[in-house]
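Chains as they are written, first to last, in numbering that gives the first Met the number 0: chain E, 0 to 498; chain V, 0 to 352.
A hint or two may mislead.
Said to hold, decoys possible - With the Cβ distance kept under 10 Å, some of the chain E side facing chain V (calculated, not the full set):
#, residue
1, His9
2, Leu268
3, Gln272
4, Leu398
Because the hints were derived from the structure by calculation, they are not lab data. Small disclaimer: the values here were computed from a predicted structure and weren't measured. Quick reminder that beta carbons are idealized off the backbone N, C-alpha and C, glycines included.
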Amino acid sequence: MELKRYLKKHFKFEEFRPGQEETIESVLKGKHTISMLPTGTGKSLCYQLPGYLVDGPVLIVSPLLSLMQDQVEQMMAMGEKRVIALNSFLSPQQKAKALEELERFRFIFISPEMLGIESVLNRIRKVSVSLFVVDEAHCISQWGYDFRPDYLKLGEFREKLGQPLTLALTATASKEVRKDIAEKLHLGDWNEVVYSVDRPAISLALEFASTFQDKLDRTVELVKYLKGPGIIYFSSKKVAEQTAVHMREKGIKNAMAYHGGLDSESRVLIQQQFINGQLDVVCATSAFGMGINKENVRYVIHFHMPMQIESYLQEIGRAARDGRDSIAILIYSPGDEQLAYQLAEGELPDQYQIERLFAFIIDNQIVYKDLADRAEELSIICGFTEIQWRIVEDYLSNLEALDYKIDKQSLLQLIENRLEVKNTKIKKMLGWVHTKECKRKVILEMFGEELQERPRNCCISCGIDIDHYKETEPSSEQSLAAVDWKQELASILLMRERI
Amino acid sequence: MGITYLETVILSILKRINGERTIYSLFHLLQGKRSSQTIQDAHLYKITPYFHTYPSVTREGLEKMINRLQHRGLVEEIADTKVILTGKGEATLEQKLSEYRLPDYLNGWKYHQVTDSFWERLTLLIQVSSNLINHERSFIPVRNKRETLTWVKQYIKQQNEDRCKLAERLYGELTSALDNEKTKPELVVIRLTGYRKIGLTTMQAAEWIGLEPAHYHFEFLNCLHAMFDKVLENSHAYPLLNGLIKKAERNVPLTISTDKTYKLMQKGYTLEEIAAVRNLKQSTIEDHVVEIALSIKEFNIDHYVPLNKRESILQAAQRNSAKKLKQIKEQVTDASYFEIRLVLAKYGDVEWS
């Protein structure tokens with residue numbers, strides 16, 4: 000009862016969402032907690048609420064800069080001023096100022112790199128962190144679908160901070176991954192709050208298209224047919240962009256593309272237009288959706304097959320946050336998996352690049368700890384992408400000994416293992432696409448769960464009545480034609496009664 | 000023959016340069032490279048309005064475009080990476096210019112350092128004001144640069160005014176400052192975000208108005224620059240907007256290195272001394288002086304070029320419409336290249352108009 004009062008006071012909500020209360024209770028009892036809650040259930044509340052009830056700041060480690068920025072902005076938008084993000088967006092002056100006034104903040108978001116800086120870590124130690132939160136905690140596990148080497152050091156940092164009370168949050172982590180998380184964070188003893196990955200409100204559909212053109216046509220058809228708003232996910236920026244243009248040409252006016260290649264103004268505007276209901280559909284890459292709180296997304300279409308079931312779940316999870324029936328449709332064409340394999344390989348450095356790197360390291364007698372300073376030079380010489388470089392640098396800079404030959408072999412081995420993990424994930428995803436069994440049941444089994452109850456319109460194998468997801472209301476034609484600019488300005492800046 | 004708006008812009012600049020500079024000078028101009036050479040050329044060929052007006056241009060993009068123009072017989076290569084307009088090119092350009100005007104108010108050189116920050120501040124200020132008058136405290140700002148956020152917050156505090164009054168004043172100033180028959184203020188207004196109304200992106204705005212993106216971009220800048228002209232001419236009538244235009248430390252900014260040279264010059268050091276102190280070549284310091292002459296109106300060059308020599312240079316320059324330093328040098332044998340460049344930099348715009 001008590002907790003609900005605080006929920007109302009600080010967040011104006013009447014009820015907790017599944018798993019939130021259990022997680023918060025566990026944390027407040029002083030137990031290290033690993034909490035697995037499905038996307039869209041408000042994981043961030045699990046550390047925000049305790050933030051108001053404990054002494055000392057909450058430190059939140061977050062893997063993605065954009066995600067961190069989104070969360071900070073949302074908290075500020077809710078009126079929480081004592082929040083800061085310590086990351087590479089800050090100028091040296093801003094960083095210095097933020098560190099100096101660190102006591103001022105109740106919520107401190109930080110990137111793993113920043114936490115790795117000794118002076119920063121020492122400063123944080125002085126404010127005695129009350130709760131150490133690891134967001135997207137599956138990133139710490141090699142078996143997790145989005146392994147990030149820089150997360151591996153979190154256990155060590157946690158020790159240095161005096162082993163503060165820890166909350167690890169994730170949306171998708173198998174039993175194996177959860178155990179790995181606890182080990183890597185040196186938790187010793189911990190509580191688990193695990194909620195089903197199942198989202199019964201989302202119907203799981205799958206369609207086959209024999210050619211790219213068929214797929215494109217079908218996508219347009221679906222967008223016109225289905226009740227929106229919706230998101231279409233692509234693995235390629237270019238195809239996302241082209242499809243959005245194509246849809247506008249086909250009369251779907253409020254369709255836009257969103258991907259990392261856009262300038263920051265456009266990204267913010269498109270995201271906000273979507274949330275504000277000005278767009279019916281967004282053609283997006285996986286960059287879209289993290290940190291977006293939109294309740295009424297009615298469908299998610301996958302134009303390309305995701306690289307693992309975990310990202311599929313994460314992405315379809317953007318639908319039905321209001322709990323109302325929604326549909327996820329993956330459109331598969333034979334050979335789609337090839338793109339996934341290519342992408343997986345492209346994220347990792349290849350043997351040739353590693354050979355080249357070591358030839359250069361040996362020629363110039365470079366010690367590993369100096370690698371970071373030569374990032375640009377080495378990336379050009381070996382042709383590393385940013386992700387590739389990060390993998391190489393993270394691995395080598397953590398090595399103590401310096402035996403080039405052995406180190407090269409072990410790095411190559413690591414890369415091979417990682418590729419193996421990725422390829423296995425793709426095969427699993429592909430297996431799910433082809434299975435004739437209940438799609439929902441198969442997903443749950445992958446996470447060690449059992450399907451308790453089959454919802455109506457469960458999945459393509461159990462049968463879906465697609466009419467249920469049809470747009471029934473006539474589309475409200477928001478004609479933008481011929482605005483009078485002065486009137487437009489007045490509607491923005493003058494109060495209603497004065498226009 | 001149909002050419003795009005961007006190609007029209009490129010052709011009109013190429014016409015000015017007239018094969019005396021490589022096509023890459025155009026790349027540096029549009030990108031706004033702050034090098035002495037680019038800045039001098041911009042003044043010499045009177046193409047300063049385009050300085051830093053299309054920073055997204057790439058080398059490859061420009062090369063491809065020039066290749067296309069060449070294939071269609073609109074320009075011809077007269078030397079390696081130097082092109083001039085053909086007769087057909089001149090005719091096409093003229094025809095296009097009768098269809099639409101190039102932006103009248105565009106002034107990249109004057110405004111390149113304030114345009115972006117003004118736009119960031121304005122859009123945020125409008126969004127905040129609009130939400131405030133509608134009593135909405137929680138919204139996601141359309142700007143995420145901390146610098147802009149703090150600036151606008153501070154600015155609103157400074158005004159020390161009732162939120163409704165502030166929004167009303169902003170409305171009043173904007174309607175007046177944007178009003179201009181020769182521009183299209185709606186191009187700016189559709190991009191604005193207010194309470195529960197998110198503005199359009201550049202792409203959407205261009206599509207909505209039915210212009211190719213580059214055309215929209217230049218018209219948009221034209222609108223802003225026309226507004227800047229108005230606001231700066233009559234700043235007391237537009238206190239709010241005037242305050243949004245970033246006050247640079249100096250009216251026309253210098254490149255960092257040139258600024259150092261300028262400070263030493265003001266302390267009375269000779270150019271030789273400065274070169275020695277800064278461990279730079281004499282010619283580099285001379286480049287700096289030329290840039291200073293271009294950027295700072297009140298800079299006096301008498302000290303560097305005697306009056307009579309200045310006259311001879313100017314006269315020679317007038318006889319040679321092609322502003323080739325070499326030709327001038329042939330006619331004023333006792334002048335150095337530095338002196339010629341300096342005189343052209345100082346008087347170029349006036350004497351050749």
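Unmet hints by their number, sorted upward, for this structure: Result: hints 1 and 4 break, sorted rising.
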